[in-house]
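A.B. asks: The task is simple: from the sequences and hints, build the whole structure.
Protein chains: 4
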Amino acid sequence: MIESTSQVRVRYAETDKMGVVYHSNYFIWFEAGRVLLLDECDCPYRELEEQGYMLPVLECSAKFYRPARFDDNITIVTTIVERPLLRIRITYKVLRGEELLAEGATLHAFVSTDGQPIKPPADFVDKMRKLF
Amino acid sequence: MIESTSQVRVRYAETDKMGVVYHSNYFIWFEAGRVLLLDECDCPYRELEEQGYMLPVLECSAKFYRPARFDDNITIVTTIVERPLLRIRITYKVLRGEELLAEGATLHAFVSTDGQPIKPPADFVDKMRKLF
Amino acid sequence: MIESTSQVRVRYAETDKMGVVYHSNYFIWFEAGRVLLLDECDCPYRELEEQGYMLPVLECSAKFYRPARFDDNITIVTTIVERPLLRIRITYKVLRGEELLAEGATLHAFVSTDGQPIKPPADFVDKMRKLF
Amino acid sequence: MIESTSQVRVRYAETDKMGVVYHSNYFIWFEAGRVLLLDECDCPYRELEEQGYMLPVLECSAKFYRPARFDDNITIVTTIVERPLLRIRITYKVLRGEELLAEGATLHAFVSTDGQPIKPPADFVDKMRKLF
Numbered sequence: 007m008i009e010s011t012s013q014v015r016v017r018y019a020e021t022d023k024m025g026v027v028y029h030s031n032y033f034i035w036f037e038a039g040r041v042l043l044l045d046e047c048d049c050p051y052r053e054l055e056e057q058g059y060m061l062p063v064l065e066c067s068a069k070f071y072r073p074a075r076f077d078d079n080i081t082i083v084t085t086i087v088e089r090p091l092l093r094i095r096i097t098y099k100v101l102r103g104e105e106l107l108a109e110g111a112t113l114h115a116f117v118s119t120d121g122q123p124i125k126p127p128a129d130f131v132d133k134m135r136k137l138f
Numbered sequence: 007m008i009e010s011t012s013q014v015r016v017r018y019a020e021t022d023k024m025g026v027v028y029h030s031n032y033f034i035w036f037e038a039g040r041v042l043l044l045d046e047c048d049c050p051y052r053e054l055e056e057q058g059y060m061l062p063v064l065e066c067s068a069k070f071y072r073p074a075r076f077d078d079n080i081t082i083v084t085t086i087v088e089r090p091l092l093r094i095r096i097t098y099k100v101l102r103g104e105e106l107l108a109e110g111a112t113l114h115a116f117v118s119t120d121g122q123p124i125k126p127p128a129d130f131v132d133k134m135r136k137l138f
Numbered sequence: 007m008i009e010s011t012s013q014v015r016v017r018y019a020e021t022d023k024m025g026v027v028y029h030s031n032y033f034i035w036f037e038a039g040r041v042l043l044l045d046e047c048d049c050p051y052r053e054l055e056e057q058g059y060m061l062p063v064l065e066c067s068a069k070f071y072r073p074a075r076f077d078d079n080i081t082i083v084t085t086i087v088e089r090p091l092l093r094i095r096i097t098y099k100v101l102r103g104e105e106l107l108a109e110g111a112t113l114h115a116f117v118s119t120d121g122q123p124i125k126p127p128a129d130f131v132d133k134m135r136k137l138f
Numbered sequence: 007m008i009e010s011t012s013q014v015r016v017r018y019a020e021t022d023k024m025g026v027v028y029h030s031n032y033f034i035w036f037e038a039g040r041v042l043l044l045d046e047c048d049c050p051y052r053e054l055e056e057q058g059y060m061l062p063v064l065e066c067s068a069k070f071y072r073p074a075r076f077d078d079n080i081t082i083v084t085t086i087v088e089r090p091l092l093r094i095r096i097t098y099k100v101l102r103g104e105e106l107l108a109e110g111a112t113l114h115a116f117v118s119t120d121g122q123p124i125k126p127p128a129d130f131v132d133k134m135r136k137l138f
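Protein chains in written order, with the working numbering: chain G, 7 to 138; chain U, 7 to 138; chain E, 7 to 138; chain V, 7 to 138.
Note that these hints are calculated values from the structure, not bench results. Errors might be hidden in some of the hints.
When chains are identical, the list treats them as one kind, so a pair holds in a single copy or across two.
As the list claims (entries may be wrong) - Listed next, the in silico DSSO-like pairs over lysine-lysine satisfying Cα-Cα at most 30 angstroms (straight line):
id	residue 1	residue 2
1	Lys99	Lys136
2	Lys133	Lys99
3	Lys133	Lys23
4	Lys23	Lys125
5	Lys125	Lys136
6	Lys99	Lys69
7	Lys69	Lys23
8	Lys99	Lys23
Note that the coordinates shown come from a computational prediction; the quantities given were computed from them, not determined experimentally.
C.D. replies: Shown next as C-alpha cells:
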C-alpha cells in the first residue's frame, strides 16, 4: 500500500451559494493528492507526460459526509492499495482535522499521447514493484 | 421514469492539456441536466431553494468512455428511474450525436438551509407521485 | 463593427458563498461570446486551431455593476469595434434582460502552436476586411 | 505599502488545450494571494464575513506575458499600495522563480451581507492606519 498526505486550503472560488464547497471541486483536490503521491513514488506525473504517457480518469466517484467550507485547511489522504498493473485504482479521504468529510476513488489507465491504451512505462512498473 | 434532454457546447475553459474535457466538468454538466429536468417537472430548483429546501449531492460517480472535446455539441440525457422518496437518484448519459461519451449518477437528499435533513416539500411529493 | 449576442444560463457551480456568480466566471462567458462571434464571422475558433493558429488572451479586464445569480438567463453582447490587424480587441456587455451587469474586454494575438507570434491567417484577414 | 507572498502549484484542472493555464484561473490565484495578505494584516477574510462584511470584486484586470504550465511552482506577490479608505485596490504579480508571468489588479469595496455598500469595520480601519 502506498499512501500520501497533501494539504489544500479551501478557495472562495470553490464554494457555491449553499456556502460550502461545490462537489465537483473535490475531484480537483483528488488530482492534487494523486500528483503528490506520484511525486513521492519518484514518478512525477509531469515527467510521465513528457515521456509520452498520460493517465486519464476512466471512472471516478465520491461520497460526501460533511461539507468543506471556505478557508478550511483540508487534508487529502491518497492511497494505492494494490500494485497497479494495467489499471491504477486510487482512493482518497478528505479530512478537516480528524473529521472525515468525504471519500472517493478514481480509476486510471495509461494511454499514449494519441489516446491509445498502452502498457505502463518500464520504469513505473519497476518502481511500483519495489513499493508493493 | 422521468427523462430530460439538455444541450451544452463545450467551452475552452473546460478542456485541459490533454486536449479534452477535464473529468470534473462532467459533474457540472450533470447539474445543468438536473436543473432542466426539475424545470420540466415544474419544480424549478431555484424555487425549491427560495422555499428553504436545498438538494446537495451526497454521492456522485461517472465513467468515461470517449473524451469530449472543445466546441463539441453535447447532449445530456438525465433520468430519474424510481419515484424519489427521501433520496433522489439521478442518472446521466453524455452523448455527442449518437456516440455515448460518459455515464454518471448522483444521489441527493433534501436539507434545510441550515443543513439539516428534511422531508421533501409536499408540492414536490405530489408532483413526483403524478409523474411516476 | 461586428457584434454577436449569445446566451448563458447561470450554473450553480458558477456561484460562490456570497450567493452570486464568482467574478472569474465572467471571463468564461466572454469566451463563449467570442467563440460565437467568430462562428458568425465564418472563422470558427476550432478551425483556426486546426489550421495551427491560437488566439491566447494577452490582457483581460472586467467591471462588475450588479451580481448575476443562479439560474439567471444572461445575454452576452460581444463586439469587435475596429478591424483587427495583428491584435484583436474584443469588448463584452453582460446583461440580464435590459439590466447591465458587467462589462469587459480582452486583447488577443495570433500565435502558432509552439507559442510564437504569427500573422493572422490570410482567410481571416480577408473576412475581417469585408466585415469592416 | 503592504505586501504578501503566497505559493500555488499549478493544477492539471487549471490548464486548457493550449497546454497552459487558462487565463481566468489567475484571478483565483489572486484571491489566494488576497486572502493570505488579509491574514497577515490580522484581518482574516473569513472573520470579516462572519462579522457581516463582504469584499466583492468591483473591477479586475490582468496582463499575461508568459504562460504558466502544469506543475509549475508559482509565486503570487500581492500588494496594497495605498491605505484603503472606502475602496481597496490590490495588485498582483505572478512569478515562476524570477520570471514574471502576469500582473493584475482588483478593486473591492465593503458591502453588507444584503449587498449594500457600507463603511469598513472600525477594527479594519485601525489596523490599516497602523500599517500605512
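A.B. asks: Tell me, in ascending order, the numbers of any earlier hints that this structure violates.
C.D. replies: none
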